[in-house]
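S.K.: Add chain B to chain A, keeping to what the hints say.
In the order they appear, the protein sequences are chains A and B. Numbering-wise (the numbering used here), the first sequence opens with residue 1 and increments by one. Numbering-wise (the numbering used here), the second sequence opens with residue 442 and increments by one.
These are computed hints drawn from the structure, not numbers from a lab. C-beta atoms are modelled at their ideal positions from N, C-alpha and C, and glycine is treated no differently. Possibly wrong hints are sitting among the right ones.
Cβ-Cβ distance ranges computed for the label pairs, FRET-style [what the hints assert, rightly or not]:
1. A:E203 to B:R511: 38 to 44 Å
2. A:E359 to B:R469: 24 to 30 Å
3. B:K830 to A:N262: 27 to 33 Å
4. B:E653 to A:I409: 57 to 63 Å
5. B:E785 to A:R70: 35 to 41 Å
Here are the simulated EDC-like cross-link-like pairs (lysine to aspartate or glutamate), alpha carbons at most 16 Å apart as the crow flies [unchecked claim]:
6. B:K508 to A:E59
7. B:K512 to A:D66
8. B:K822 to A:D256
9. B:K704 to A:E354
10. A:K381 to B:D697
11. A:K50 to B:E444
12. B:K512 to A:E3
13. A:K89 to B:E455
14. A:K67 to B:E497
15. A:K89 to B:E444
16. A:K271 to A:E154
17. B:K530 to A:D15
18. B:K671 to B:D605
19. B:K804 to A:E259
20. A:K147 to B:E492
21. B:K530 to A:E14
22. A:K67 to B:E500
23. B:K530 to A:E3
24. A:K71 to B:D796
25. B:K508 to A:E56
26. B:K821 to A:D66
27. B:K704 to A:E356
28. A:K363 to B:E497
29. A:K380 to B:D456
30. B:K821 to A:E253
31. B:K704 to A:E200
32. A:K89 to B:D697
33. A:K263 to B:D507
34. A:K263 to B:E497
35. B:K588 to A:E370
36. B:K508 to A:E14
37. A:K263 to B:E694
38. B:K491 to A:E3
39. A:K263 to B:D456
This is what each chain is made of:
There are 2 protein chains.
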Amino acid sequence: MFEALPGFREFYPEDFSRRLGLFDSWRRSLEICGFSEYDAGVLEPLDLYKEKSGEEIVEQLFHFVDKGDRKVALRPEMTPTLARMIGAKANALRRPVKWFNIGDHFRYERMQKGRTRCFTQLNVDILGDAGVTADVEAIYSLILVCKRLGLTGEQFVIRLSDRDIWLLALETANIQEDLRPQVLGVIDKVERMSDEQSIEALEKLISGRSKELFDVIQSMFAVESLDGLKSWFDGRENVADEIRERIASRLEEWRDLWEQLNKLGCGEFLKLDFTIVRGLAYYTGFVFEAFEKGRRARALAGGGRYDHLIEKLGGPDFPAVGWAMGDVTMTDCLDHHGLLPSHETPIRVFAVMEDESRETAMKIVAKLRESGVSMVYSHKKAGFGKQLKEATQWNCQYALVMGSSEMAIGKVLVRNLEDRSEESIGINYLVQHFKKLGLAV
Amino acid sequence: MFEALPGFREFYPEDFSRRLGLFDSWRRSLEICGFSEYDAGVLEPLDLYKEKSGEEIVEQLFHFVDKGDRKVALRPEMTPTLARMIGAKANALRRPVKWFNIGDHFRYERMQKGRTRCFTQLNVDILGDAGVTADVEAIYSLILVCKRLGLTGEQFVIRLSDRDIWLLALETANIQEDLRPQVLGVIDKVERMSDEQSIEALEKLISGRSKELFDVIQSMFAVESLDGLKSWFDGRENVADEIRERIASRLEEWRDLWEQLNKLGCGEFLKLDFTIVRGLAYYTGFVFEAFEKGRRARALAGGGRYDHLIEKLGGPDFPAVGWAMGDVTMTDCLDHHGLLPSHETPIRVFAVMEDESRETAMKIVAKLRESGVSMVYSHKKAGFGKQLKEATQWNCQYALVMGSSEMAIGKVLVRNLEDRSEESIGINYLVQHFKKLGLAV
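Only chain A is shown next, with the shape it has when bound in the complex (with noise of 0.2 Å):
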């Protein structure tokens, strides 16, 4: 007997339905918030990956030549098909354009708990819109689905920073600008390292003041609000005007964003948190996190703004915010606090029929059936004991029993298999009556 791959899962009916249940609650959420939803193949020119994030990415993607010489890849992740879609029809598209996707990625990662080969994630863009109003939105739409989900203050955080604010940081800490995108990679990686580990890291990029930048991180690090972080900049000594003026302005779209968002009643979800800096160089100001708040403090969810990568991916100029989430550490975390959802399914009617009347009783299952009822059967003959016990086996909450002297005067019996009450219902009026008990959808 054959097995599904390393990394692949199956999903049975009972675990399938609480997969479509998320799909669901994330689709309804952002269809709420004005997103549209689309989609792509998941085969890919695999250059479309190389050129976004370089080489190394192909030692992590399943990747090969197909029948006609292409080097293809399964796609480890959906903005570089979203750029190419955005840049084909840049001039026809309403802006800003409110999108997101739904689908499976893939990556060859080594084999541990909870991580999967292939995942499923939302991926939620707004783009061509480069003021404050579209990061709000992206926030505001991520702090939704949450709570739609039924995650609450208690279990989540927004940690929100800025790499636009950590630049001017380390401007006047006199890092000289092309250096400053890799010690903001060191900056990602500071709370995994020790002390002595970070150091040297940025040691290694400016011989001799790591020692002074590793405190300036530190100071920043503890930075928790809006005034703290004026406060830091305002002590900070021998910065020009033209820097000062920078910070100001930036300072300034910082309160609009959180005046904004408040205004929206995310307040309570948000904390600043500049410990936060996005490993990826792409993101180019706001950026975010949704972590899972006790247990492990683990990303539920990141994003954040990327206003050249559609034109970097050979796109138009695009300005563009958003984020993703993935569906394995999100079931995790629902699964922890009980909040699964299922997807709704009709509720199942067992029919329960005589053979003697078996056709009448057939009809009465077709008719309902296309009045949209969920209708099941036994396929076997069998006393209604035996059918009625079928009923149970199949997580049916009504049976409809079909006797053949009640269907010789027009009635049949709907029987509530819960609290096993029993109505007799004229023939006729059984699709009305499904309908009034919510069953005929």
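M.R.: Showing chain B alone in chain A's frame:
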């Protein structure tokens, strides 16, 4: 700028909405018939397909060796995966198992119109039930799927045939047992070949008797009713009693199938058609195809009984009947008839706000969104006229006009952008009002 790979489709929101609309319809129809959804990864061990279809299938696959030195393939069909999943839990599963899957499949085919290398297929299977009622449910569910998509008996037909009947027919023609499957392979292609080609192909199998057999085949092709089928067998000469008994028993099952389907209201969609053989050797009994009428008589779906396949693939003895429907042909057919469904998204409401009362307006937006109302608003500060214009660009059906003076007395205007009617609503009654309009989902 990169392009998508040949044969791989991109779905912009408008296309995606129709795609998801089709899936929604498929899903709901199958749920109504009591089927449960399952899924698995699109990447599978290559051997899984060789086992069922032999080496030749490899030619049509996207396959490669992964970084762990495993031979893998993008799934070309669902049945082997289904067999594995059933096999792994055979004892725990309630019989009959009624499952469906909506998933991507991949074949490296020569590019031509209407062909894609990645297509989505609906797979529907009933397993663990060898009786005619399972065939009835399978065929009925196929018809219900078509009907709920809006197709009528004018537009599609189910052509019913039977490999068992064909094998019996060949037995009465004294074709030896081991040659019969190969003869069926030729019969499957007769309609696409000239008579000469068919006879030539038969001659290779049964030297000297090809013309005689070709006449037998043609006479079976002419059978159009159950009575006709009975007459056909009655007319065969020199048939042993033992064979006659098996024929009678099979005709009895046909009568049962036919009657049950008629009781379910399927009569108008059914046609006996022994030109249908289904090329694949693993089919064992009733086989059927849904055909588009008129235009080009293309197969919209196909299936049949395959009682030994699960066991052959390493699973338990699990009789099965199932069918599959692809998204490409079905979408084209529905498009032709103006029947393409759309995914039902919530109706969007555009929030029109004044700068001086933006704070309160944003709070209202957030409150409505949390109640399930789909809300969008202008990311830029603009006058009412400009905002209402943007509302139209977003295809909003309603605008929520939040003027400062009205808000001061606790009111807002709900404007229907289609009929331009307008209602003044108390802010505290907005959620209730939108619920009444069916906008809060």
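S.K.: Look at each hint and say if it fits the structure.
M.R.: Now the hints, each set against the structure:
| no. | hint | verdict |
| --- | --- | --- |
| 1 | A:E203 to B:R511: 38 to 44 Å | holds, 43 Å |
| 2 | A:E359 to B:R469: 24 to 30 Å | holds, 27 Å |
| 3 | B:K830 to A:N262: 27 to 33 Å | holds, 29 Å |
| 4 | B:E653 to A:I409: 57 to 63 Å | holds, 60 Å |
| 5 | B:E785 to A:R70: 35 to 41 Å | holds, 38 Å |
| 6 | B:K508 to A:E59 | holds, 9 Å |
| 7 | B:K512 to A:D66 | holds, 14 Å |
| 8 | B:K822 to A:D256 | holds, 14 Å |
| 9 | B:K704 to A:E354 | holds, 15 Å |
| 10 | A:K381 to B:D697 | holds, 14 Å |
| 11 | A:K50 to B:E444 | holds, 15 Å |
| 12 | B:K512 to A:E3 | holds, 13 Å |
| 13 | A:K89 to B:E455 | holds, 13 Å |
| 14 | A:K67 to B:E497 | holds, 15 Å |
| 15 | A:K89 to B:E444 | holds, 13 Å |
| 16 | A:K271 to A:E154 | holds, 13 Å |
| 17 | B:K530 to A:D15 | holds, 14 Å |
| 18 | B:K671 to B:D605 | holds, 14 Å |
| 19 | B:K804 to A:E259 | holds, 12 Å |
| 20 | A:K147 to B:E492 | violated, 47 Å |
| 21 | B:K530 to A:E14 | holds, 13 Å |
| 22 | A:K67 to B:E500 | holds, 9 Å |
| 23 | B:K530 to A:E3 | holds, 13 Å |
| 24 | A:K71 to B:D796 | violated, 53 Å |
| 25 | B:K508 to A:E56 | holds, 15 Å |
| 26 | B:K821 to A:D66 | violated, 47 Å |
| 27 | B:K704 to A:E356 | holds, 14 Å |
| 28 | A:K363 to B:E497 | violated, 46 Å |
| 29 | A:K380 to B:D456 | violated, 43 Å |
| 30 | B:K821 to A:E253 | holds, 15 Å |
| 31 | B:K704 to A:E200 | violated, 80 Å |
| 32 | A:K89 to B:D697 | violated, 56 Å |
| 33 | A:K263 to B:D507 | violated, 50 Å |
| 34 | A:K263 to B:E497 | violated, 63 Å |
| 35 | B:K588 to A:E370 | holds, 9 Å |
| 36 | B:K508 to A:E14 | violated, 32 Å |
| 37 | A:K263 to B:E694 | violated, 69 Å |
| 38 | B:K491 to A:E3 | holds, 14 Å |
| 39 | A:K263 to B:D456 | violated, 35 Å |
In this structure, the earlier hints numbered 20, 24, 26, 28, 29, 31, 32, 33, 34, 36, 37, 39 are contradicted, and the remaining ones agree with it.
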